[in-house]
Amino acid sequence: VNMSKQSVPARSQELRRVSGELFSLTYGALVAQLVKDYESDDEINKQLDKMGYNIGIRLVEDYLSRSGQNRCHDLKEAAEVLTKGGFKMFLGVVPTVANWSSKGDEFSLVLDQNPLVDFVELPEDHPNLLYSNIICGVIRGALEMVQLEVEVAFIQDTLKGDDASEIRVKFIKKLEDAVPAGDD
Amino acid sequence: MTCYFVIVGHNDNPLFELDVKETGKLDDKRQMAQFVAHASLDLVDEAKFLKSVDRFNELSVAGFVTASHMRFILVYDGPKAQENMKNFFMDMYDAFVKALLNPFYVPNTPIASSNFRKKAQVIAKKYL
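Chains as they are written, first to last, in this note's numbering: chain C, 39 to 222; chain P, 136 to 263.
Since the hints were derived computationally from the structure, they do not count as laboratory data.
Only part of the chain C face toward chain P is listed, based on derived beta-carbon distances under 10 Å:
1) V69
2) D156
3) P161
Cβ-Cβ distance ranges computed for the label pairs, FRET-style:
4) K208(C) - K221(P): 51 to 57 Å
5) S203(P) - K211(C): 51 to 57 Å
6) E193(P) - E162(C): 35 to 41 Å
7) L153(P) - F128(C): 38 to 44 Å
8) N148(P) - N137(C): 44 to 50 Å
9) K233(P) - V131(C): 16 to 22 Å
10) E115(C) - N222(P): 49 to 55 Å
11) S139(C) - N222(P): 51 to 57 Å
12) N137(C) - P214(P): 57 to 63 Å
13) D229(P) - D163(C): 24 to 30 Å
14) D163(C) - P149(P): 19 to 25 Å
15) S203(P) - N137(C): 43 to 49 Å
16) K208(C) - P245(P): 41 to 47 Å
17) S249(P) - K208(C): 31 to 37 Å
Derived lysine-lysine pairs resembling DSS-like cross-links, with alpha carbons at most 25 Å apart:
18) K88(C) - K126(C)
19) K198(C) - K233(P)
20) K198(C) - K253(P)
21) K254(P) - K198(C)
The C-beta atom is built at its ideal place from N, Cα and C for all residues, glycine as well.
Chain C on its own, in the form it takes in the complex:
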């Protein structure tokens, strides 16, 4: 166990050397292809969410193994870990956690910068396209693996002219399914 913890810093250094531009361009090519393949913006948004979900369920394991993060006690803590831990590690940006609902079951992630959208301009014939929707899927998938069922959606988008991008995360319920042994 100790040995694996020691090799972790080397891996995270390597990750940072992937060119940010290459990443944005790759993601852009993905979205452009989806736009060609699917008719409606809704369908494209759904596909992006699905892809994000598949990434999220795996990514969370990667994150937990590198950060040694323990179980979060409540949604507030989960939000902090999501932004300062997850987002920072994989996207290099830390969104601001804001706009908590009075019941404490909903919050927003405000992104001033979004590395996915460098150089991107939305085409005119796709006004409802949620370009970065993959992020919503990733959050949903990752949180589901730690027994939190959430609904995640963009409510503001810089590509549509808003000042910042805002993702709304809504807590639905705690999943009481059996947890894999060894998890804590």
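Place chain P on chain C using the hints.
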């Protein structure tokens, strides 16, 4: 003073056109400028990097070929400093590359982005 700038793609198709004029009444001058620009395309290809490529009455043509064989052509009258010309083309090239990085832009098609047009106008004002 007329200035007319055009970006020409691989099939001699114009990808972007910009008129930079100071006086108002320039419709026929514009057509003349377009004609001159097309006529000088062959010469621009020879020019490689940047050269004042042609002269037609009082109109001069400066050309610039990018690494991906896009031709930037500027038709202008009156004297223009080489330095300004060069900077103009470099800034335009910069803006062009940024527009190209948009995943929804298909290379060799007309550039519809209003962002790029705005940038181009600013650059033109700056150097011309």
